[in-house]
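**Student:** Given next are the chains, with one letter for each unit.
2 protein chains.
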Amino acid sequence: MKASQFLISTLKEAPADAEVVSHQLMMRAGMIKRLGAGIYSWMPMGLRVLRKIEAIVRQEMNRAGAVELLMPVVQPAEYWQETGRWSKMGPELMRVKDRHERDFIIQPTSEEVVTDIARQELRSYKQLPRNLYHIQTKFRDERRPRFGVMRSREFIMKDAYSFDRDAAGAKASYQSMAKAYRAIFDRFGLRYRAVAADSGAIGGDLSEEFQVIAATGEDAIVYCPDSEYAANMEKAEALAPREPRPAPRQALEKVPTPGKATCADVATFLDLPLQRTVKSLVLATDRTDDAGQVVETQVWLLLLRGDHDMNEIKVGKVPGLDTGFRFATAGEIVDHFGTKPGYLGPLDVRKPVRVVADREVAVMADWICGSNEEDFHTVGVNWGRDLPEPHAVADLRNVVEGDPSPDGKGRLVIERGIEVGHIFYLGTKYSAPMNASFLDEGGKPQLMEMGCYGIGVTRLPAAGIEQNHDARGIIWPDAIAPFTVVVCPIGMDRSAEVKAAAEKLHDDLAASGVDVLLDDRGERPGAMFADWELIGVPHRVVISDRGLKEGQLEYQHRRDAAATKVPAGEVLSFLRGRLQA
Amino acid sequence: MKASQFLISTLKEAPADAEVVSHQLMMRAGMIKRLGAGIYSWMPMGLRVLRKIEAIVRQEMNRAGAVELLMPVVQPAEYWQETGRWSKMGPELMRVKDRHERDFIIQPTSEEVVTDIARQELRSYKQLPRNLYHIQTKFRDERRPRFGVMRSREFIMKDAYSFDRDAAGAKASYQSMAKAYRAIFDRFGLRYRAVAADSGAIGGDLSEEFQVIAATGEDAIVYCPDSEYAANMEKAEALAPREPRPAPRQALEKVPTPGKATCADVATFLDLPLQRTVKSLVLATDRTDDAGQVVETQVWLLLLRGDHDMNEIKVGKVPGLDTGFRFATAGEIVDHFGTKPGYLGPLDVRKPVRVVADREVAVMADWICGSNEEDFHTVGVNWGRDLPEPHAVADLRNVVEGDPSPDGKGRLVIERGIEVGHIFYLGTKYSAPMNASFLDEGGKPQLMEMGCYGIGVTRLPAAGIEQNHDARGIIWPDAIAPFTVVVCPIGMDRSAEVKAAAEKLHDDLAASGVDVLLDDRGERPGAMFADWELIGVPHRVVISDRGLKEGQLEYQHRRDAAATKVPAGEVLSFLRGRLQA
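Protein sequences, first through last, are from chains A and B. Sequence positions in the first sequence follow numbering that gives the first Met the number 0 and run 0 to 580. Sequence positions in the second sequence follow numbering that gives the first Met the number 0 and run 0 to 580.
Any given hint might turn out to be false.
Because identical chains share one entry, a pair is satisfied inside a single copy or across any pair of copies.
[What the hints assert, rightly or not] Pairs of lysine-lysine residues, derived as BS3-like cross-links and limited to a Cα-Cα distance of at most 27 Å, are as follows:
no. : residue 1 : residue 2
1   : Lys503    : Lys125
2   : Lys1      : Lys170
3   : Lys408    : Lys178
4   : Lys498    : Lys1
5   : Lys1      : Lys125
FYI, nobody ran anything at the bench for these hints, they're computed from the structure.
Based on the provided sequences and hints, a complete structural model is requested.
**Tutor:** If you want it as C-alpha cells, here you go:
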C-alpha cells in the first residue's frame, strides 16, 4: 500500500470532548471520526485495525468449532416480547416503528434471534452441541456515551451462542469458549486478565470477563499474585476475618463531634484510626400487593467499616434484599433514627430496623458510630454488651488491596481493566421462555442449555491504545497494527535512488506477505516521523540518500529510543527477525 | 471444512410465501432464514456466498484506488436535513428517535455522511481525486418487501463515493468505476449487461446499471446485438421514424364501438391493425402560489400508438411536464372531453388541452381514436386535415423489440435483468447543499464534483440463482459458491478405506487452497446428493468402496448429466483442471 493511495489524516490537537488518551489518539491519528454522540465512522486507518481484530476472532472461533452466520441489525419486537426483554430493558434498547407502526428494535445483542433459529434448526440431540456466532453492528442508547469508541452507542460486537443438551454440555461449551478467548486475547498482543464475574440472576460461577489491563480502565479487577485467583470487584469475596472478636475494653461513651458527618472526619477529630469507625447505610425494601401498591416497607441498616465501600452486587444477595432494594428516603431515615445521615448508628433507634453487619464489622470491638443525634458519635461500642448481635452478617463490601485471597493462597492486588470480552453460562434463561427444545434419545423434548460469549470488537482498539501509548502517540502490537511496517523515504522526489530503494523494499515486503505502507506523500522527515509515531506503526525503516551511500537503512521499532543501522542487503532478513519477535 | 462442524439445513419444501425461484431455493438450501417481513438472517451456508462476493468487490475496489472505511448504520438526522432528503424521502426512510427524542435515520445510503467526511478531510486540490467506500448494512422500509433478499428491507450494499475537483475529473472517476464494475461482475461468473440508465434530475448520460440477465428479472433491458448499445427501458430512446407522414387516404368517419373501451378491443371489433389505433392519456399540471395553493391547472392529452406503452421518465422530460405532473382526475377528464376514458381523443374537445404526440403518432395517417362520445370512435383521422398539428412531439413510449437501435446500427432486443449495481455521476447534488469544498491552486474554494457507485451485495446471490438453477436446485459459479468442491464418501462409517480416502482428499484440497467440504454426516447417498444438488456446489467427488477397489473416484460437475470416473491418483490434477476452467 502506498500512502498516496490511502487516506492519512492526522491532527495536531485532539478535540476538546476527548477525555481519555485512547479517544484523543484515535481522533488525532485519523482512526475514527465523530458523526454524533456515541456514533463514529471508522476511517480507513482505524478500519484496518478492526479488520485484523475481526480476522483473529473469526479464526479462533472457527477453530473452536463455532459456525459464523449473520443476524439482522433491525429485529421485530415480537421476539423480544417472548423473552420479556422488550419491557424489562430500559431506554438503552433503541426502539423503532416501521411504516405500518409495527415495533422493532436495533439489536444490542442477539439472544432472541439466535434462540429462534436454534428452536427451528436444532431439533435433535444429534445436532448438539452447536455454537453460532456473528460479528455485527450493535446499538445501545447509552445515557452518557463517552470516551470515543470505548463507550459508544453504535458498536461492533462478536457475539456467540452455544446450545447444548444439558448443563454439563453447556459447561463444556463454556470451557471451550474460555480457551478460545484466551487464544484470541493472546494473539492480540495485549496484556489482559480473565477474571471471574458475577453471574447475576443465573447463579453459579460460570461467568468470566476478559479485561485489558490499563491504568485508565473503568473496572477494578482483583487478583492474587501467588495463585490463579482473579475476579472483578463486583465478584471478589472479602473473607470473614479469621481472628475472633476481641473482648470489650472500653466503656460506651457519647462524645460531641460537631459538624463531623463522615467517618474520616470523625476519626481525624477524635484522633483515632479510621478502621475503628463504622458507617451506617440505610436501605429499604417494599412489599407490594397485586396492583403494585406498597403495603409494607422494611428499613435496613447496613454497617461497614469506615474505610470500606459498599458492594451493591453483594448487598443484593443478602436474604431479604435479594428481591430488590432501594436507598431509604430522608423522611424514612429521620422517622427511624431521629436524625439525619452523618450521625446514624445502630444504638437507640426510634423504630426497629433490620441490622446487617459486614463480616469485618461483626468481629470488631470498641468501635465508633453515630449516636442518632446530630453532632454526636458514640465510642467504645461493643456487640452483645451495648446492642444485640446483628440480625445478619454478610460480605457487603468491596475488597481492598491486602485482603486475603479467597483461595487462601496469598493477598489480593487490585488493578484497573477495560472489559473487552465476557463469557457467560445462561442455562435456560432464553430457551425456556422461547421454548427452544430438542428431542432427546427417547424422543422427549428437552430445553436447550445455552451460553453466550461476547467480544467488543470496536472497543478493543481503544483498550489496546490505553495500554500501549506514549507522549508521541500509539504503539500498536504487531498483530493489530494498521500497518506492520512503514517505509519512510527521505527526499523521494529528489533522489531516484531513494525512490527505487523504497519501492523495492515495499514491493519485497508486500510480496512476502508483510503488511507494509510506503509513505510516498513527500512530507518533510519531521512531519512524516511524527505522523507515524502518532499512528503507532510498530516497525519503521527510513531510507535516505546519505544512508544509501553508506549502504545502510535505518530501522527503528516504535518502542526503541534510537534507530539501528542495517546494511541495505540485510534489511529483509533483519525485519523478518523483528517481526517474528 | 467438515459438514459435521458446519450447519447444513435443507428443506424439502419451500415456504408458501416464497414466490420466485431464488427465494425458494435459498430457503430450501438453508442459506437464509426469515425473521420478519423483508428481514433475513444469513445462515452459515449463505454467509459464505456473501463473503466471497464481498472479497471480490473489495479487491477490485482497492485495485481501482478506492479506500475502504466504515460509516455508521444509525445516522443523526441533521445531515439529512442539510441535503433536504430528511423531508424529501418518504416512509422508506426509517426514522428513529433516541432517548433524548433526537431524530436519527437508519441509513439507506451514505451520501450525507461521506460528504461530511469529505468536507472535513479533503481540503486541498492535492487530496483529490478520492474514492471512499464501505460495505455496510442498509435499511429501506419498502412498502412491499418480497422475493426474499431480492427486495428486502435490511440489506448489505457496497457504496462508493468519488470526490473530484471538476466535472472532467468526476467523469474520469466514473469511468474508472465503470471499469472496476466490469472487472467485479466478470469475476462473479454471472452473465450480466451494463446498460445506460436515466440520470434523473442531474442530467447527462453518466449513469449505468449492471443487470444480471434472468428471465425472472424485474427490469426490462434493451440492447442491440449488432452494436454496443444497451440501456434500461426507462432510458432506451425510441427514434423518430425515418419515413415521412403519408398523405391522408381515408375520410373522417365516426363509427359506433359499443363497449369497446381499449385500443385492442376497438381494433378487433373494427378488424383493423392495432398499430392504426391511437390511445389517449390525460395528465395535469398544477401551478401553485407561495402558500402551496393551486392557482391554475393545465390539462394535457398525450397520444401514443395503441400497441405502445407510456414511459413515465420520458414524459417527465417534456417541457411543461418536467416540473412534475399527475394523472388527471375523472372530473377533469369529463370536464375537458365530455366523456369518460375509453372514448377519448383529440377531436372536438370541450375545453382546450395541450396535445403531445409520441414521435410515432406524429407521422401516422388515417388513424383511429375515441370520438369523445361514449361508445364511438373516429377512423380516418389525419393531422393537419382533421385537427391541428400537435402542440409538441416527443419520445413518450417504451421501446419494443425490433425498434431501430438509437446508434443506428441495428434493431433492439429486450431481455429481463436484475439490477445488482448502479454507478452515477452526481455533480454537486450533495456537495452544494453541504458546502463540501476544497481550495484550488489559487486558494479559492471550489465545490467538489461527486459520483456514487453501489453494488447490492445481498441481492447478488439471489440474482445469481435466478440465472443459474435447474429443477434440482442451485448451480453456483465457482467464484461465489459456498464451497467449490464437495467430497461425498459413501459408507464412511462402515469403510475405513473410504473414510481415509475422503479425509485425505479433503485435506489435500484444503492444503492447496481449494474451498472444500467433506460431507461426513453419514447421510444415505440419495439424500446426500440431493442436498448438494440443492445447495449447488459446482464440483462433486464421490468416494465409494466399490470405486476404491477399482482405483477410481467419481467426479461430477453440477451441470454434468453423468459422473466421470477418475483414477484415484489423478483426482487432484483432474480437479485442478476443472477448477481452472
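**Student:** For each hint, tell me whether it holds in the structure or not.
**Tutor:** So, going through the hints one by one against the coordinates:
Taking CA atoms no more than 27 Å apart as the test, Lys503 paired with Lys125 passes between copies only; the shortest distance there is 25 Å, against 56 Å inside one copy. Only between protomers do Lys1 and Lys170 lie at most 27 Å apart by alpha-carbon distance; the minimum there is 24 Å, versus 48 Å within a single protomer. Taking the shortest alpha-carbon separations for Lys408 and Lys178, only the intra-copy value of 24 Å comes in at or below 27 Å, while the best inter-copy value is 68 Å. Proximity of Lys498 and Lys1 under a CA criterion of 27 Å is satisfied intra-copy only: 12 Å inside one chain copy versus 49 Å between copies.
Taking CA atoms no more than 27 Å apart as the test, Lys1 paired with Lys125 passes between copies only; the shortest distance there is 16 Å, against 52 Å inside one copy.
When each numbered hint is compared with the structure, no violation occurs for any of them.
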